[in-house]
Amino acid sequence: MTCCCECSKEKALDKLMRLEPEKTSELTAFIDGLPLVAGDVEKNRGFLVETLHRAQGIFGYLPVEVQQVVSERLGLTRSEIYGVISFYSYFTDKPIGRYKINVCLGTACFVKGAAKIVDELKAKLGVDEGETTADQKFFLGALRCVGSCSLAPVVMVNNRVYGNVTPDMVDQILADCED
Amino acid sequence: MINLKINNTPVSVPEGSTILEAAETLGLKIPTLCHIKWDCFNTEHRCGSCRVCVVEVTGRPNLAPSCCTPVAEGMDVHTNTSRAIRARRTMLELLLSNHPKDCLVCSKNQECELQRLASAFNIHHIKYEGAQSEFPVDENGAAIRRDMSKCIMCRRCETACNVVQTVGVLSGVNRGFNAVVAPENFAQLTDTACTFCGQCVQACPVGALTEIGYKDEVWEQLNNPKKTVIVQTAPAVRVAIGEEFGFQAGEISTGKLVAALRRIGFAKVFDTDWSADLTIMEESTELLERIKSGENLPLLTSCCPGWVNFLEHQFPDLLHMPSTAKSPQQMFGAIAKSYYAEKIGIDPSDLIVVSIMPCLAKKYEASRPEFANDGVRDVDYVLSTRELASMIKEAGIVFDRLPDEQYDNPLGESTGAAVIFGASGGVLEAALRTVAGWLEGDKDSPIDFVAVRGLEGIKEATVTIAGIELKAAVASGLGNVRKLLERIQRGETQYHAIEVMACPGGCINGGGQPYNHGNTAILEARKDAIYRADKGLPIRKSHLNPSIVKIYEEYLGKPNSEKAHKLLHTHYHAK
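Going line by line, the protein sequences match chains A and B. Numbering (the numbering used here) for the first sequence: 1 to 179. Numbering (the numbering used here) for the second sequence: 1001 to 1575.
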C-alpha cells in the first residue's frame, strides 16, 4: 500500500529507524507489548488511541511515517488512523514546539483577562493560537480550566504552572524557557 | 419471532430486525437517506447519521431512528405522527442549510436522494441560515470527482470503500462542523490506494462523488472535420442504458444504442465485444500454456482496471499472476490505432477512439502512460453509461423511438462469449468455451457453464475438458477478491484460473452505470439480460467470430505471436 508521502519510496519503518532510531525502537517495543491479534481488526482497533497517545508522547507529534507504522502493525487503514488523529484535538500530525504554552480560557481565567495574555503571547511569538514558531521552540495553545481557578489567570508551560499572570509577565515566562 | 405493532397493525419479524425492516414487510416505506442496503450482496449501511427515518415508539421519550433501532416484543410504533414528520422535515432543513443550493447545475440533478426528499417533503424555504462548510474540489486524475462541500456525512461511501471493497481510502475526518469524508491527510485520490472502481460514486446519495466527465471534449472532436471519431461500447452498457430512458431494468437495447451513437455523429459504431473475443483468444492461449507447463498458476484475469489497481497497490507479490492480456477496451484502442487506421488509410493521430463504459476505472485505465504511443492515446476519451445517456438527451434523440441498428464492421462483430463479460463469471465462462472448443472440437464441446454465473461474491467450479480437470473460481467485489487472494498467498488453493472483477456482480454494477440507489433487483435484471443476449446470438464462442479469425489471418498471426504481444499485452507495476 502506498500513501501520499515520500514513505512509499522507502519503507516507513526503515525511514523512521534511520532518522529517529531510539524513538522508533521505543514505539515498536510498545506495540510489540500489545496483545494484538493478527487479522482481528475489531480487537486491534481497541488499541489505536492508546498507541497514538504513546507515539505522540515519544515523537512529540504524529508524522505520516508514524501513522504508516501504526497502520501496518495494527492492520488498520491509513485513512481510519488519520480520521482518529483529526478527531481528537489532543493529537497533532504537525511538529509542535518544545515549550507548549497553554493559556487557560476557562471562565475564571477568562474574566480575569486571559484573552489579553493570549494577545500578548501572539504578538511576542508571531503565531496564532494552535501554531508553533518557526524555530520549533514555542507552541501556543489554549486550555479549558486546569482546576486552579484561585490562581486565575493561569498559563501552563509544559508541566509548569504560572498563576495570577499579567501581560507584563509574558517576557519573563518566555525567558524561563531556556533550552 | 418478535411481535409488535406498527401503525396499529400487528406484525411478526425475526429477532434482530429493525423497525424499518418490519415496516417494509407491511408495505410501508419510511423515508431514509443515509441508510442503504444491497440485498443481493448481504451488505447494509446503517450508521443512523441523518435521522430522516425517525418514528415514534410509545413509551420512549425520544424519536427512534427506524433504520438502526431493533424491534422489541410488544413495541408500539407509529411512523407518521405529526411529531415524527415534523422532526424529519427539520432534519432535512438542517441538512439543506449546510448544502449548496445549486441543484440546477449539479451533475446529480434529478438523481439526488436529498433533492427527492426535499421535493417529497415539499420544502420550499430553509429557515436556518448560517455558515456553509466549504472544501476544495478534488478533480485530479481521470476518473472520480470529489466535491465535499456537497457531502451530507451519510458515510455510505466509507462502507462501499472500506467494508465492501476493503480498499480503505475513505474515512470520516475532523469533527463537528468541519467533519468530512476524506482520504488520509486530505490527499487527492490519485495519491492514495484508490482503485477508481467507483462504488463510492454509486453509493453517494448526493453530488459529492461523481465522475470526471468528457462529454464536452467528445462533442468538440465530433465537430472537428479533421478527425475521424469512432466509438466502442462495453457489454454491460447495452443492458443498462435503457433505464435512463424509462425502460424496465434488464431490457436489452443494443440496437437502439447503436442507432443513437450513429445519430450523435460517430463515424463508425464498433463494439468492445469484438475485442472481448480477441481478449479470449489471447487469454485462453496463455491459460493453456500455463496449464501445460504447470507454471504460474492460477491465471488471474486482467480485464478489470479497478482490480488491476487493487492488485498493484495491495498485492505486489502477486503481480506475475494475472494474464498479460490487455483489457478489451485497450485491445480495441490498440487495434483501432494500428490495424484499423492502416486499413482506412489515416494517421492514428487523426483517429479519435471513444469508449462507452459502465466503469470509472476505465477512464483511469485509458490514461495510463503505457497505453499510448508517442503521446497518442490508444483510447482518447471514456464516457460512462450515464454520460452517454446525457449526450443522447442533449442531442434531442428520442431513444425509445429509434430503430434497432447493427454495429459497423470489421470491429463490430461479436459473439455471446463476449457479451457475458458484462456479468461476474462471464470472462471465465467465455475462456472455458474456447478452451473446450479448441481441445474437444466445436461440435460437442459445452457452451453453458452455469456454475460460474450469478451475483455471489465467490464462486467455484471444477470442469473436465478433454480429460483435464480444471479448477476455477470467480470473485467479484474487491472484499471477496481479497479473501481469495489471501487464500492463494497462504497456499490453500489449487486453482487453474480465477476471474476477478472489482465491482460486486461485475460490470453490470459498475461505477459508471445508471445509479441503482441500492435497488439490487436492477442488478439481477441486468445480469439476466446479459445471459439472454448471449443466448440470442448465433455464435457463442469467441474463436468462431469470423472477424477475429480474419484479423489473425491478416494481421496478428497467431494468438500470443510477437505482433500480438506487442499490441495486445501489457505488464503491471507495484504501486
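Since the hints were derived computationally from the structure, they do not count as laboratory data. Note that the Cβ used here is the ideal one computed from N, Cα and C, for glycine as well. Hints are supplied without guarantee of correctness; some may be wrong.
Lysine-lysine pairs mimicking DSS-like chemistry, simulated, CA-CA at most 27 Å apart [as the list claims (entries may be wrong)]:
1. B/1101 with A/11
2. B/1226 with B/1101
3. B/1101 with A/43
Below, a sample of chain A positions facing chain B; criterion: calculated Cβ distance under 10 Å [claimed, not checked]:
4. 61
5. 64
6. 72
7. 79
8. 81
9. 83
10. 84
11. 89
12. 90
13. 92
14. 93
15. 102
16. 105
17. 107
18. 110
Between residue 1226 of chain B and residue 1101 of chain B, is the straight-line Cα distance small enough, at 27 Å or below? violated (41 Å)
Should the interface hint for residue 92 of chain A be scored as holding, given a Cβ-Cβ cut-off of 10 Å against chain B? Result: violated, 13 Å to nearest chain B Cβ.
How about residue 61 of chain A: closest beta carbon in chain B under 10 Å, or not? Hint violated; residue 61 of chain A Cβ to chain B Cβ min 13 Å, cut 10 Å.
Residue 64 of chain A as an interface hint toward chain B, with CB separation required under 10 Å: Holds - the Cβ of residue 64 of chain A comes within 10 Å of chain B, reaching about 7 Å at its closest.
Grab the minimum C-beta distance from residue 90 of chain A to chain B and call the hint holds if it beats 10 Å, violated otherwise. Since chain B brings no Cβ nearer than about 12 Å to residue 90 of chain A, farther than 10 Å, the hint is violated.
Identify whether the interface hint at residue 72 of chain A stands, where standing means a beta carbon of chain B within less than 10 Å of its own. violated (12 Å)
Status of the hint placing residue 110 of chain A at chain B (closest C-beta pair under 10 Å): violated (21 Å)
Given residue 83 of chain A as an interface hint, is the shortest Cβ-Cβ distance to chain B below 10 Å? At about 4 Å, which falls below the 10 Å cut-off, the nearest Cβ of chain B leaves the hint on residue 83 of chain A intact, so it holds.
Hint validity - residue 105 of chain A Cβ closer than 10 Å to any chain B Cβ: The hint is violated - residue 105 of chain A has no Cβ within 10 Å of chain B, the shortest such distance being about 18 Å.
Would the stated hint for residue 89 of chain A survive a check requiring a Cβ distance to chain B of less than 10 Å? Status holds, d = 8 Å.
Holds or violated: is there a CB of chain B closer than 10 Å to the CB of residue 84 of chain A? Since chain B brings a Cβ to about 8 Å from residue 84 of chain A, closer than 10 Å, the hint holds.
Straight-line Cα separation of residue 1101 of chain B and residue 11 of chain A no greater than 27 Å? violated (45 Å)
Violated hints, in rising order: 1, 2, 3, 4, 6, 12, 13, 15, 16, 17, 18; the structure is consistent with all others.
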